[in-house]
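*Asks:* Let chain A serve as the given structure and place chain B on it in line with the hints.
Number of protein chains: 2
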Amino acid sequence: MKHLSDIEIAQGKELIHIKEIGAKLGIKEDDLELYGKYKAKLPLHLIDEEKIKLNNLVLVTAITPTPAGEGKTTVSIGLTEGLNKIGKQATAVLREPSLGPVFGIKGGAAGGGYSQVVPMEDINLHFTGDFNAIEKANNLLSALIDNNLQSKCCNFNLDPRAIFWKRVIDMNDRSLRKITIGLGGTANGIPREDGFNITPASEVMAILCMATNFKDLKERLGDIFVGFTFDKKPIFARDLKAENAMAILLKDAIKPNLVQTLEENPAIIHGGPFANIAQGTNTIIATKMGLSLSNYVITEAGFGADLGAEKFLNIKCVAADLNPKAVVLVATIRALRHHGGAKKEELNNPNIDFVKAGFCNLEKHIENIRKFNIEPVVAINTFITDSHNEIEFIIEKCEELNVQAVVSKGWEKGGNGTKKLAQAVVNVVEATTTQFKPIYNWNSPVKEKIEKIAKEIYGADAVDFDKKAKLNLKRIDRLGFNDFAICMAKTQKSFSDNEFLVGRPKDFVVTVREIEIAAGARFIIPILGQMMRMPGLPGVPASEGMTIDDDGVISGLS
Amino acid sequence: MKHLSDIEIAQGKELIHIKEIGAKLGIKEDDLELYGKYKAKLPLHLIDEEKIKLNNLVLVTAITPTPAGEGKTTVSIGLTEGLNKIGKQATAVLREPSLGPVFGIKGGAAGGGYSQVVPMEDINLHFTGDFNAIEKANNLLSALIDNNLQSKCCNFNLDPRAIFWKRVIDMNDRSLRKITIGLGGTANGIPREDGFNITPASEVMAILCMATNFKDLKERLGDIFVGFTFDKKPIFARDLKAENAMAILLKDAIKPNLVQTLEENPAIIHGGPFANIAQGTNTIIATKMGLSLSNYVITEAGFGADLGAEKFLNIKCVAADLNPKAVVLVATIRALRHHGGAKKEELNNPNIDFVKAGFCNLEKHIENIRKFNIEPVVAINTFITDSHNEIEFIIEKCEELNVQAVVSKGWEKGGNGTKKLAQAVVNVVEATTTQFKPIYNWNSPVKEKIEKIAKEIYGADAVDFDKKAKLNLKRIDRLGFNDFAICMAKTQKSFSDNEFLVGRPKDFVVTVREIEIAAGARFIIPILGQMMRMPGLPGVPASEGMTIDDDGVISGLS
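Each protein sequence line maps, in turn, to chains A and B. Note that the numbering used here has the first sequence beginning at 1, numbered continuously upward. Note that the numbering used here has the second sequence beginning at 1, numbered continuously upward.
Hints are computed from structural coordinates only; laboratory data are not their basis. This structure is a prediction, so every number in the text was calculated from the model and none was measured. Heads up, a few of these hints could be off.
To be verified - Beta-carbon label-pair distances, calculated as ranges: (1) B:Lys215 / A:Arg370: 43 to 51 Å; (2) A:Thr186 / B:Asn441: 56 to 64 Å; (3) A:Ser387 / B:Asn157: 24 to 32 Å; (4) B:Lys215 / A:Glu499: 46 to 54 Å; (5) A:Arg370 / B:Glu8: 54 to 62 Å; (6) A:Ile105 / B:Asp31: 33 to 41 Å.
Stated by the list, open to error - Chain B stretches covered by chain A per the calculated footprint, using a threshold of three residues with CB under 8 Å from any CB of chain A: (7) 47-60; (8) 151-158; (9) 168-175; (10) 532-540.
Where a beta carbon is used, it is the ideal one built from N, C-alpha and C, also for glycine.
With the rest of the complex left out, here is chain A (with noise of 0.2 Å):
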C-alpha cells in the first residue's frame, strides 16, 4: 500500500457540511457565520458560565521536545476522536497554524496521519482570516506611532530609539529582521530601526487569546506599551486613539473557528501565539466555547510542559478561572532515547538504556503537573522504530508512579487507535474531585514569581538577574505592573536554560537576561535566552515543491 501524505488523506475525506458538526453541539444553524462548507465562526453568545463549570478540560502537553516536536497537535485530534468512539461528547480546541512556518520548513499544524483537523489546506493557509486581521491592526499601531513621531500638530515627543512596538508579517522574512525605516527624505518620516516579528510573536495576538469579551479586547488594546517619550514617560496605544480602530479590525477574528476533525467530529481553532515569548495557547474564549457546547474539551499548549503546561495553567487558566481535570504528557521514545544520551544518528535505533536513562525527563514533568494538583495521563506516540521493549519500559515505570501510559496510535489508525488512551483520560477526570492550584499567586513580587517557577518547575538551585533584567525590573516597578502574570522565554529544549542539559537537568542556575512588558496581555516576559521571533526560509524552501492544478487541487503542502 502507498504510504498517503497527510495532504492526500484529507483530500480523500469527503467532509460532511459544517452545519452537521454545529448540530451536533447543538448549535442553531442561524448562529453559524458559514466560510464556505465547512468552515463557521460562532458568535460568542454562545458562551455560557454555567456549563463551562459543568464539562471537562483535559490539556494536552509533552515532555521536553526534540526538533520534531512531539506530536502533541495529532495526539489532541486523535484523543477526541477516541472519546467520541467511546461514547463521550470531545471537542478538540486548539491553535491555529501560522502562514509563514508553512513556506518554509515545518510545514502547518493541523495534524497529521489520520489524526488531522480539515479541511487542512485552508487551515493551514488564510482561515478565516484571523492572523490578517491581528497582523493589520498590529501593523496600523504601529502606522500610528510613525506618524505621530513626524506630526507637527499632535507630536508625543516619543523617543524613537525608546519604541518597543514592532511591526509583524506572517511569512518567514529574515531579512525583515533588522530594519532602518523612514529614509528617504522629510516626506517619508523620522528615520528609526525597526524589524518585523511573525505574526503570532505579535502582542495583539496574545491580547486576543487573553481577552473574555470584546470589551476586555478593547481595554487590552489600549493598554499597549508602544514607548517613551525622551523625558520617559511611557506611551500606551490609547494615548494614540488607537483601541477603537484595532478594534474594528478585530471585529470578526474576535469570533472562534468550528472546523471539522477526519471522523466528523467539532474543532474548535482559534488564535495562535508564540509558545516562546507568549502563552502559546488557543484562546480564552474558544476554550470557553468549547466548554459551553462540549462535555470535554481537548486541548493543547506548545513545547514541552515546563513552558506549555506551566503558562496554560499559571497564565490562562488562573485568568480565566478554568479548572483542568487532566493533562496529557505526550512522550515519543525517540525523545526518551535523546534524554537519555543518544545521539542525533542513534535516535531512530531501539536502545532501552538510552530509554532508561531518559526516563527522568518524563518523571519531572509528571512531578511538575502533580504540582498543579491535576493528574497526568502519559500518552506514549509510537513510531514503526519504537520496541516492545521501550514501550513496556515506559508504561512499567509510570505504573511505578502511579500513572497510567497508554500507547496512542492516532496518527495511524485516528479514533480506534486512541479509544484505550481515551478510557484513561476519562478515568482520570471522573476521579478528579480537587480543585488545581497554580504554582505563584500574580500578586506575588515578581522576582519571587519568577523563581518559583525556575525552582519548582524546571528544577533550578536559583535565578541569576542580568544588569538589563535588574533595570528591567525597576521599570516594571515604576510602571506599575507587578502584579501581571509571568510569560517565560526559555529554550524549550531543556528543563534550564541550557538547551544542550538533557534528561533532568540538576545543580544549575537560570540567567533572567532581560525583562520584556506585554502590558495588554497583561504579562511580563522574563528574557533567558536568544529568542527568534522572525523565523528564516531554508536553502530550499517548501513553497517550491506545492504546486496547484488548473483545478485548485494542491499538492506538497505538509
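*Replies:* What follows is chain B alone, placed relative to chain A:
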C-alpha cells in the same frame, strides 16, 4: 431631519440573505461559497462565454476630477438601482476598497448616501480576504528573493541593486516607503535598499485583475520580472519556483465576491488595482461573471476618462474581448467650475461663467469616448450648491453634441433618483450596433502606442522621452516585451502631465520620465510624473474618530 452618515444609512438597512441575491442571478444555493449571511464567493464555472456576448457592459467614468472625486462609484451603484427600477436586470461590478485609506483620510469606497453596497463595514475592512491573499503572495515572492540572495545552494547571483520587486502592505504607512533591510549580521540576510508599496499597487493585484482563469493566473505569476543578476540576466518569479505557492495563496481570491446594494440588487466586488500605475478597474473574471449572470453590468474605472476609460478599453476590453455598449461620463458642476478657472474657495458657489469656461473638459472627454466607437451619456452628479442655470447649460451644450446629459440623484434618492439616467443608458445601449475599437494595436511599437494615447486622448502635440525612459525602451526591447499593452501613469488632475493645466489644455508636450515593466500583468508603465504608491496618514488619522461598542457596532467609518 438629521443628516445621516453613510454608515448610519447602511446600518439602518436590514439586509436580505445573500442566497436571495444569488437567486436573482439564477445561482443555485449550493454554488454560493458563503462568508456569513451577506457575502459569498462565486465559483468560476458560472462564467459563460456565450452569455457574455449577449449581455450589455456599461462603463462609468468621469471628467477630469477634483480631489474630492466625481462620485463614480456612487453613480455606478445608483445607476444599477435605476436600471432595476425600470425593469432591467442589472448588476454593479466594482472594485474592492483598500484598507489603508479607510484609516487615513479618504475613507472607504462602497458608494455613498442611498447608493451603497452593503455590508459596508465588511466591504471596507477585510471583506473576504482577497487583499490579504494578494499581499501574502506578493511578500512570499519577496521573501524568496531575499532568501535566494543569501543562499549558498541556489544563488542566482542577483544584483541587490537591481531588484524591482517590492514588498506591500495594505496600510497608509509613509515610513515604509524607503527602508533598508537585511541588517544585523550574517544571520539576517544581505543588506539592501527596499520599500513597501500599498497592496493595491502590487503587480499581483494587477495580475489577478487581468487573469482570465486559474491557469492564466499561474502563468502570469511566473512571468513576474524580479530583477537582474550581476551579469544582467533577467530573473523571473518562475526562476524562484514561486508561481505555484503564490497561486495557492490566491486560490480563493480569484473568485468574485457577491454582495447587495441598498435596494437589494446584486453587486459583484472583486479586485482593486491602483488607477495610476495600474489599470484601476475590477477583475476581468468579475466582469465576465457579471455578464454571464446579468443583462446589464455597470462597472467603473479609476480617475478621469483619460486614464480610467482609456485603460479599461485599451487594456482590459482588448485582453478580455469585451464589447462595452455605452460609457457614462460623470461630471459635477463643482469640477466644471474648477476647469473654468474657479479657485478653491469659489468651487461651491454657483457661477455660470466658470461652468461655461470649464465645459471644454467634458467636451474633450466626450470626443475621446467616441474615438473608441462608443456613445457616451453624461451623468450630472448634483449637489445642493448647484444652480438650475448651470445644470441647464450642461444639458443644452451636450444636446448640441448629440449627447444626453441627465441629472443623477442616486446619492440622495437611490434608484428613484436615477431612473432617467438609466433610461438614457438603455437608449444608447439599444441603439448600439457597432463594435468598440481600441485606440492602438498592442502589436505596434511601444513608442508609437504611447504617442497615440498622448496625442489622441490627452491632446498633446508630442511626447518627450527622458534619457532614462529611452534606456528603459531598450530594456523592454531586449526582454521582448514590445507587444505589451500600455498602462499610462499620469496625474489624474489634468489631461496633460502638469496637474495645474485644467480645462482642455492645448499646445503641450508630455514627458515620459521612465518606463516600468509589469511582465505578469503584460503591460508596460510609462511614468509621466511622481507616482504615489504608499500614502501616508494625515495629522489626525480617520482611525482616531472611529469607535466600536461592546456589541461590535461601529461608528465613524466612512
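*Asks:* So, for every hint listed, does it hold in this structure?
*Replies:* So, going through the hints one by one against the coordinates:
1. B:Lys215 / A:Arg370: 43 to 51 Å: violated (59 Å)
2. A:Thr186 / B:Asn441: 56 to 64 Å: violated (45 Å)
3. A:Ser387 / B:Asn157: 24 to 32 Å: For Asn157 (chain B) against Ser387 (chain A), whose Cβ atoms are near 50 Å apart, the range 24 to 32 Å is violated.
4. B:Lys215 / A:Glu499: 46 to 54 Å: holds (47 Å)
5. A:Arg370 / B:Glu8: 54 to 62 Å: Taking Cβ atoms as reference, Arg370 (chain A) and Glu8 (chain B) lie about 58 Å apart, which means the hint holds.
6. A:Ile105 / B:Asp31: 33 to 41 Å: holds (38 Å)
7. 47-60: violated (count 0)
8. 151-158: As far as the stretch 151-158 of chain B goes, the hint holds, because 4 residues have Cβ atoms under 8 Å from chain A.
9. 168-175: Satisfied; 7 residues make the cut.
10. 532-540: Result for this restraint: holds, n = 4.
Figure legend: structure checked against the earlier numbered hints; hints not met, in rising order: 1, 2, 3, 7.
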